[in-house]
Every structure is written in C-alpha cells, then in structure tokens.
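2 protein chains.
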Amino acid sequence: MLQSKYFVKTSKTAPADADSVNAQLLTRGGFVAQQMAGVYNFLPLGLRVLTKIQNIIREEMNALGAHEMLMPALTQKEAYEATGRDNLDILFNVQGQNDAQYVLNLSHEEVITPLMQKHVFSYRDLPVAVYQIQNKFRNEPRAKSGILRGREFNMKDMYSFHTSEKNLDGFYDKVKQAYFKIYDRLHLGDRTFLTYASGGSFSKYSHEFQTLCDVGEDTIHLCDKCRVAVNKEIIKEQKQCPECGNEKLKEHRAIEVGNIFRLGTRFSEAFDFSYTDENDDAHPVVMASYGLGPSRAMGTLVEIFHDDKGIIWPENVAPFAVHLVGIDLDTKDVAQHAHNVYNLIQKKGVDVFFDDREDASPGEKLANADLIGIPLRLVVSKRTKDKVEVKRRDQKDTNLMSDAEVVRLVSA
Amino acid sequence: MLQSKYFVKTSKTAPADADSVNAQLLTRGGFVAQQMAGVYNFLPLGLRVLTKIQNIIREEMNALGAHEMLMPALTQKEAYEATGRDNLDILFNVQGQNDAQYVLNLSHEEVITPLMQKHVFSYRDLPVAVYQIQNKFRNEPRAKSGILRGREFNMKDMYSFHTSEKNLDGFYDKVKQAYFKIYDRLHLGDRTFLTYASGGSFSKYSHEFQTLCDVGEDTIHLCDKCRVAVNKEIIKEQKQCPECGNEKLKEHRAIEVGNIFRLGTRFSEAFDFSYTDENDDAHPVVMASYGLGPSRAMGTLVEIFHDDKGIIWPENVAPFAVHLVGIDLDTKDVAQHAHNVYNLIQKKGVDVFFDDREDASPGEKLANADLIGIPLRLVVSKRTKDKVEVKRRDQKDTNLMSDAEVVRLVSA
Numbered sequence: 037m038l039q040s041k042y043f044v045k046t047s048k049t050a051p052a053d054a055d056s057v058n059a060q061l062l063t064r065g066g067f068v069a070q071q072m073a074g075v076y077n078f079l080p081l082g083l084r085v086l087t088k089i090q091n092i093i094r095e096e097m098n099a100l101g102a103h104e105m106l107m108p109a110l111t112q113k114e115a116y117e118a119t120g121r122d123n124l125d126i127l128f129n130v131q132g133q134n135d136a137q138y139v140l141n142l143s144h145e146e147v148i149t150p151l152m153q154k155h156v157f158s159y160r161d162l163p164v165a166v167y168q169i170q171n172k173f174r175n176e177p178r179a180k181s182g183i184l185r186g187r188e189f190n191m192k193d194m195y196s197f198h199t200s201e202k203n204l205d206g207f208y209d210k211v212k213q214a215y216f217k218i219y220d221r222l223h224l225g226d227r228t229f230l231t232y233a234s235g236g237s238f239s240k241y242s243h244e245f246q247t248l249c250d251v252g253e254d255t256i257h258l259c260d261k262c263r264v265a266v267n268k269e270i271i272k273e274q275k276q277c278p279e280c281g282n283e284k285l286k287e288h289r290a291i292e293v294g295n296i297f298r299l300g301t302r303f304s305e306a307f308d309f310s311y312t313d314e315n316d317d318a319h320p321v322v323m324a325s326y327g328l329g330p331s332r333a334m335g336t337l338v339e340i341f342h343d344d345k346g347i348i349w350p351e352n353v354a355p356f357a358v359h360l361v362g363i364d365l366d367t368k369d370v371a372q373h374a375h376n377v378y379n380l381i382q383k384k385g386v387d388v389f390f391d392d393r394e395d396a397s398p399g400e401k402l403a404n405a406d407l408i409g410i411p412l413r414l415v416v417s418k419r420t421k422d423k424v425e426v427k428r429r430d431q432k433d434t435n436l437m438s439d440a441e442v443v444r445l446v447s448a
Numbered sequence: 037m038l039q040s041k042y043f044v045k046t047s048k049t050a051p052a053d054a055d056s057v058n059a060q061l062l063t064r065g066g067f068v069a070q071q072m073a074g075v076y077n078f079l080p081l082g083l084r085v086l087t088k089i090q091n092i093i094r095e096e097m098n099a100l101g102a103h104e105m106l107m108p109a110l111t112q113k114e115a116y117e118a119t120g121r122d123n124l125d126i127l128f129n130v131q132g133q134n135d136a137q138y139v140l141n142l143s144h145e146e147v148i149t150p151l152m153q154k155h156v157f158s159y160r161d162l163p164v165a166v167y168q169i170q171n172k173f174r175n176e177p178r179a180k181s182g183i184l185r186g187r188e189f190n191m192k193d194m195y196s197f198h199t200s201e202k203n204l205d206g207f208y209d210k211v212k213q214a215y216f217k218i219y220d221r222l223h224l225g226d227r228t229f230l231t232y233a234s235g236g237s238f239s240k241y242s243h244e245f246q247t248l249c250d251v252g253e254d255t256i257h258l259c260d261k262c263r264v265a266v267n268k269e270i271i272k273e274q275k276q277c278p279e280c281g282n283e284k285l286k287e288h289r290a291i292e293v294g295n296i297f298r299l300g301t302r303f304s305e306a307f308d309f310s311y312t313d314e315n316d317d318a319h320p321v322v323m324a325s326y327g328l329g330p331s332r333a334m335g336t337l338v339e340i341f342h343d344d345k346g347i348i349w350p351e352n353v354a355p356f357a358v359h360l361v362g363i364d365l366d367t368k369d370v371a372q373h374a375h376n377v378y379n380l381i382q383k384k385g386v387d388v389f390f391d392d393r394e395d396a397s398p399g400e401k402l403a404n405a406d407l408i409g410i411p412l413r414l415v416v417s418k419r420t421k422d423k424v425e426v427k428r429r430d431q432k433d434t435n436l437m438s439d440a441e442v443v444r445l446v447s448a
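Residue numbers (this note's numbering), protein chains in the order written: chain A, 37 to 448; chain B, 37 to 448.
It should be emphasised that the hints constitute simulated quantities derived from the structure, not laboratory data. Watch out, some of these pointers could steer you wrong.
Chain copies aren't distinguished; within one or between two, either way the pair holds.
Unchecked claim - Here are the simulated DMTMM-like pairs of lysine to aspartate or glutamate, each with C-alpha atoms no more than 20 Å apart in a straight line: (1) Lys368 / Asp439; (2) Lys172 / Asp125; (3) Lys401 / Asp161; (4) Lys113 / Glu176; (5) Lys212 / Glu104.
Whenever a hint applies, use it, and build me the whole structure from the sequences.
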C-alpha cells in the first residue's frame with residue numbers, strides 16, 4: 037500500500053479530550069477518531085488492526101466447534117421485561133413508530149435464548165455453542181479510557197447450551213484454554229491471568245481474564261504460585277488463593293479483557309426454554325456466556341505496547357508487517373531502489389506500507405513510522421546506497437542489508 | 037462441514053408473519069430468524085451468504101481505490117441538526133445520560149463529513165473515497181418484504197470527495213461500472229438496469245440500480261435500445277429515454293438494489309467543509325454517496341432464484357459449493373463411501389456440506405437439500421453403488437459419476 041494514496045493523517049498532538057494513552061496514540065496515529073464520548077470511528081489503519089484481532093478470536097471460536105451468526109442491535113423491549121433487565125440504567129431505550137418500545141442490546145441473552153428455543157428441543161440437539169462479533173451499546177454514565185470503555189463497542193459474545201451443569205463444565209474449561217490461546221496470539225498471554233469473580237446465583241465463581249496494566253481500572257490479587265488471581269469482590273470474602281490457599285496475594289492494576297460466566301438456568305427459565313431427555317421429561321437448558329471485546333483488546337495492546345514515540349504493535353495484529361520508508365525520493369536512483377524493494381516484498385505476499393510521500397521531510401517520516409508502530413521498518417535513502425536499513429520497532433539497533441537479504445527476512 | 041454438527045434447522049412451513057418469498061424460504065431454510073418486524077438474526081448459513089456478498093462488494097470498492105473504514109451507529113443529535121435532518125420521521129432517537137440526545141444513523145453523511153473535515157485541507161488531499169459495510173437503522177412505519185426493507189439492515193455506503201463537479205464525474209462513472217461488475221458477480225447483471233431518478237438540488241439526475249422482479253415495490257420504465265430506465269418520479273416529467281429519446285418505454289416491477297447520488301455541496305456547506313486550491317482560495321468540497329445493501333441483495337437473490345422446492349443460490353454466493361447427501365448410512369459400505377467422497381472433496385479445498393444425519397429419512401434429506409439450494413448436489417446411497425449421483429440444483433437431470441470424476445468436477 038502506498039502511503040501517499042492511503043487515507044491516513046497522523047498528528048503530532050493529541051486532541052484535548054483524549055483521556056488515555058490508547059486514545060492519544062490511536063488518534064494521533066490515524067487509527068481512530070472519536071465521534072463522541074465513548075463512541076469511535078475506526079479509520080482504515082484502525083480497522084485493519086481490529087479485523088486482525090477479530091479473526092484471531094474467530095479462528096479459536098471455530099476451533100471449539102462454535103457456530104458464527106449475527107444478531108441485531110435493535111430488540112423489542114418485551115424481551116428484557118421477561119428477564120427483569122428492562123430497568124437497567126445502562127440500557128438504551130429507543131422509541132419506535134406507534135408507541136413501540138425498543139432497546140439497544142447491551143448483551144444478547146434476551147435474543148439468543150428465545151432464538152435457540154426455536155431450534156433446540158431434545159437432548160439430541162445439545163450441547164451447542166453459537167457466537168457473534170457485533171457491536172454492543174451501553175449507556176455508560178461516564179465513558180472513559182478511549183476505546184477501553186465505550187458506549188458503543190465491539191464484542192465477541194458466545195453462548196453455550198447444555199443438558200446439565202456437568203456437561204457445561206467440560207466445555208467451560210475448553211473455552212478457558214481457547215481464551216488463553218487468543219491472549220497468547222495477541223502477545224498478552226504472559227501478563228493475562230484467570231481471575232476468580234463472583235458467580236451469581238448458579239455457581240460460586242465466574243471467571244475474568246485480567247491483563248496486568250498500571251492504568252487498568254480493576255484491582256486483582258495474584259497468587260504467584262498458581263498464576264491465578266481473585267478480583268476485588270472476592271478478596272473481601274476470602275483473602276487467599278482459591279486453588280492453593282496461599283494468603284500472600286499481590287495486588288496489581290489490571291484491565292479485564294474477557295469474562296466467562298455460568299448463567300445456569302437464569303435465562304432459560306425466564307423464557308421457559310427446556311429440552312426433553314431420553315425419557316421425554318422436560319428440563320430447563322443450562323447456559324453459559326463468554327465475552328471478549330476486540331476493541332478493548334486493541335486499546336489494551338496500545339496501553340501495554342508503546343513508548344514515548346508511539347505504538348509498538350505485536351506482529352499478529354499490526355496493520356502492516358513492514359513499513360518501508362523512502363527518503364531522498366527526488367533522487368531518481370533512490371526512488372527506483374525504493375520502488376524495487378516495495379515490489380519485491382509485495383511479490384512475496386507480505387503486507388507492506390510504503391511511505392512514498394514527496395511532501396514530508398525525513399524527520400517527519402521516521403517520527404511517523406515510530407508513531408504508527410509497524411514491527412519492521414526499512415529505510416531506503418541516499419545514505420543507504422544499494423543497501424536497506426533495517427530496524428525493528430521494539431529494538432534500537434539498525435542493520436544494513438542487501439535487497440535479497442531483506443526479502444529473505446520479511447518472508448521468513 | 038458435517039450437517040449433523042451444524043446449527044441449522046429447516047422447516048416445512050413458514051411462520052405466519054413471513055410476508056414474502058424471501059422471508060419464507062430464508063426462514064424455512066434456516067438462514068435467518070425474524071427478531072421483530074424489520075429486524076432479523078442471521079443464522080450460520082445466512083451469515084455465510086451475507087459475508088460472501090459483502091466480500092464481492094468489498095473487492096470492487098477496493099479496486100476503485102476506496103478505503104474501508106467503520107463508523108458507529110450511535111451519533112450525537114447535533115450533527116443532524118446541522119443538516120436539518122433531525123426531524124425525519126424515520127430517524128431513531130436515543131436518550132443518553134444527563135439529557136444527552138443521540139440518534140441511530142440512517143446513513144452516514146452527518147458522520148463522514150465532519151470526520152473528513154479533520155483530514156482533508158487542500159486540493160492535494162483530494163479526491164478521496166471511503167466506504168464502510170455496517171448496519172443502518174430506519175424507523176420505517178411498516179417494515180415489509182422480509183430482508184428487503186428493514187428497520188435495521190446491512191449497507192455498504194461509500195462517500196467520495198472532490199475539488200469540482202468535473203472531477204467527481206470521472207469517479208462517478210467508474211462507480212457505475214463497479215456496481216455492474218458487482219451485479220454480474222451476484223448473477224443479477226442481466227436483469228439490473230441503470231435507472232434515472234431525481235437528482236436533488238445539485239444535478240438533474242441521480243441513479244438507481246433496479247433489478248427486474250415481479251414482486252419489486254418499484255416501477256421502472258425501460259428503454260430496450262439503451263438498456264437504461266427511468267423511475268416513476270422521472271416518468272411524470274419526461275415520457276422518454278433520457279439517452280436516445282425513445283418514447284416506447286416498457287413498464288416493469290423492480291427492486292432497487294443500489295443508488296448513487298451527487299450530493300454536491302449540500303453536506304460540506306452544512307459543516308463548512310472546504311479545501312484550499314493552488315492559490316490558497318477556499319471552496320466547499322464536492323461530494324457524492326454510493327449505497328448498496330448486502331442484506332437487500334441477498335433477499336433479491338432469493339426472490340429471483342427459487343422454485344417451489346426452495347432457493348437456487350448462484351455459485352458465487354452459495355453458503356457451500358457442494359451438498360453431499362448420504363443415504364442408507366446405517367449400511368457400513370455406504371457410510372464409508374460417503375465419508376470418503378466428503379474427505380476427497382474437502383482435500384481439494386472445496387466447501388462441502390455433508391448431510392450425515394442418521395435421524396432423517398431420504399425424502400427429508402432430499403427436500404432439505406432443495407430448500408437450502410446449494411448449487412451442486414451429490415447423493416451416495418445403496419442405489420448409487422460405487423458411483424455418486426450428481427445433480428445441479430437448477431437442472432432436472434442426474435448423472436452417475438465415479439469418485440474421481442466427481443472430484444474433477446467440483447475442483448474445476
């Protein structure tokens with residue numbers, strides 16, 4: 037992709053209302069633009085990152101045997117009256133024609149439960165798991181922290197349906213493993229911890245996935261032995277690790293990057309959703325829900341992977357694999373060399389962003405590359421002669437390589 | 037994909053409120069489920085079709101050099117006050133915290149115009165085109181015709197920005213061509229016509245793309261010579277072809293499957309969005325918008341490509357390329373043969389849906405395959421012995437082929 041033709045404008049300064057590092061750097065780097073507090077536009081560069089995160093999540097959900105579908109934002113309010121969630125402060129109300137009352141879904145239990153009721157009748161139809169990647173709407177009193185806590189935000193939500201708690205247990209554990217695979221692929225695995233949280237009426241615990249981060253709005257208490265944590269609700273009741281009893285838990289700030297929750301029969305009973313067993317006896321379906329927000333994950337990555345110059349994207353989610361910066365492009369030989377390197381890399385099927393702009397200074401271009409944060413930077417200039425200067429965004433040293441060496445490096 | 041493990045339930049009867057062929061067949065086939073009037077869930081099979089349509093559109097928009105981005109559904113009402121669209125009956129109002137007034141975007145001019153204003157300053161930044169594939173919300177008094185006219189529906193909307201009407205013209209024509217490429221790829225090209233419609237204050241005409249269909253809610257008047265049409269607004273003023281003057285126009289029912297519209301400076305002036313020319317003089321930016329709804333295209337395809345047994349998907353958008361139906365699977369040899377054919381086709385990277393269910397009769401399975409409408413049906417049964425029965429959904433005759441011939445056919 038030629039940067040001169042790409043719709044991206046970076047900025048040296050962040051908008052006054054950017055209240056967090058992720059809002060500042062993502063806005064300055066041309067990834068997002070705030071529409072209003074808690075609502076963001078994803079610009080082309082930002083959509084590339086968001087899509088890569090969504091695809092990693094999608095692959096791991098599909099590997100679990102879950103089926104992707106798509107539910108609407110708009111739903112009749114009656115569905116929320118059935119579950120008693122119609123008076124939640126964070127539920128957005130929408131007025132339809134002829135006094136019809138709608139809401140914007142804040143999660144999708146009220147949609148998926150009656151929907152599965154039309155498709156699941158007997159034990160032979162269970163277990164089944166479905167998920168979607170869609171936007172949620174929450175009337176937050178105070179939206180904050182950039183794309184970490186929004187009024188409209190992207191969410192992967194999965195729902196699983198089972199004949200019994202025991203049947204649910206096996207799947208619930210597999211989802212835990214799938215979530216850690218996702219965090220590993222997002223380069224968050226080594227600082228993300230399974231965290232015990234309140235379980236509601238159907239189980240002792242639910243589970244959060246908390247990523248250590250100094251600016252996180254949550255506090256967790258970590259057991260170094262078991263590498264699990266408890267959240268601040270749980271620590272009030274039991275000041276010890278739920279797995280080994282260790283009482284020396286360490287307090288950390290963290291960002292909640294996922295949660296999984298046994299719903300039990302809370303929603304199936306509200307909608308009278310039951311299945312028949314081998315003897316034709318009816319039982320309420322046992323449910324669980326599993327959330328993981330791609331846009332929040334994107335904000336978390338920026339909070340963790342940045343320096344004073346800009347973002348440092350992990351490879352799996354970077355908008356491009358390579359940022360080729362052309363300097364002295366008004367010199368014919370240099371321009372030819374830079375375009376040649378660009379073509380060679382493109383032929384290898386590697387995503388390369390080529391700063392071919394003629395109206396930006398070398399200093400601007402290099403600062404721009406640091407801000408955008410693509411993992412590998414290549415510079416072609418008069419000074420590099422027939423070589424290419426190679427620098428990783430997360431390292432200080434540079435190397436000079438031949439074109440052939442560069443091609444081998446990027447296609448490795 | 038094994039049908040026994042897939043989340044799809046077909047039905048012999050349509051729900052009472054299914055008011056159109058597309059609602060009936062898409063619901064019966066397990067593609068969609070109505071949430072409320074004008075709002076649909078896309079089930080796994082339906083999401084596969086919708087995604088294929090979206091990707092065809094995406095490829096042709098990218099080929100135009102347009103940049104994909106993603107705008108929100110929720111927007112501050114002030115933006116619509118600036119353009120005078122805040123009192124439209126079909127605009128959904130949403131109440132925020134502390135008396136904040138939001139709306140759900142019915143199109144995105146009020147979002148994209150101020151957004152581009154932050155990125156476009158001079159003639160050097162123009163022309164530029166951006167698009168998104170996102171849901172729109174319209175408070176329709178009467179939602180109808182299944183997924184053809186909804187309250188929440190999927191839309192590709194592109195916006196282009198230019199220094200002058202003349203500069204816009206060239207791009208506008210390229211978009212016309214791109215739209216016809218899309219309709220060709222959707223197998224709608226031969227019955228879709230460029231249709232002259234009212235242009236608003238900035239040009240004599242806008243353009244609709246109308247697909248001939250007896251149940252369409254629009255009426256168009258077609259010139260057989262030029263293969264263009266005029267819509268019913270235009271025919272009141274001029275009873276002739278705008279291209280050749282032909283007065284013998286033929287009346288047809290049609291579905292509007294796209295529209296492109298010169299916005300001129302209507303929105304740029306509302307937001308005071310101007311660019312500076314070579315002499316540093318400021319001018320309002322000239323804009324156009326280009327809509328094409330993937331979910332409406334999906335409904336249109338069903339209205340056109342079906343028979344009394346079910347849907348007949350065109351190959352490019354079919355949920356799977358091949359429907360393999362296993363019959364007599366309780367006979368070991370037959371089951372082995374069917375699974376062998378399934379594996380051979382999968383190895384070729386072809387999407388195959390394998391009806392491996394043991395609790396459905398042969399009649400049910402064949403009726404089910406006709407309803408779902410995958411283009412190529414393969415049957416393996418006792419009767420086919422070591423051969424496979426091959427039938428195209430849009431043809432009556434069947435052939436017996438060897439496994440090797442089948443593999444060659446599906447991977448051609």
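Now the hints, each set against the structure:
1. In this homomeric assembly, Lys368 and Asp439 come within 20 Å of each other (Cα to Cα) only inside a single copy, at 18 Å, whereas the closest approach across copies is 59 Å.
2. Proximity of Lys172 and Asp125 under a CA criterion of 20 Å is satisfied intra-copy only: 15 Å inside one chain copy versus 25 Å between copies.
3. Proximity of Lys401 to Asp161 under the C-alpha cut-off of 20 Å is restricted to the inter-copy arrangement: shortest distance 17 Å between copies versus 58 Å within a copy.
4. With identical chains, the CA atoms of Lys113 and Glu176 are at most 20 Å apart both within one copy (19 Å) and between copies (17 Å).
5. In the homo-oligomer, the alpha carbons of Lys212 and Glu104 lie at most 20 Å apart inside one protomer (19 Å), although the nearest pairing across protomers, at 33 Å, exceeds that limit.
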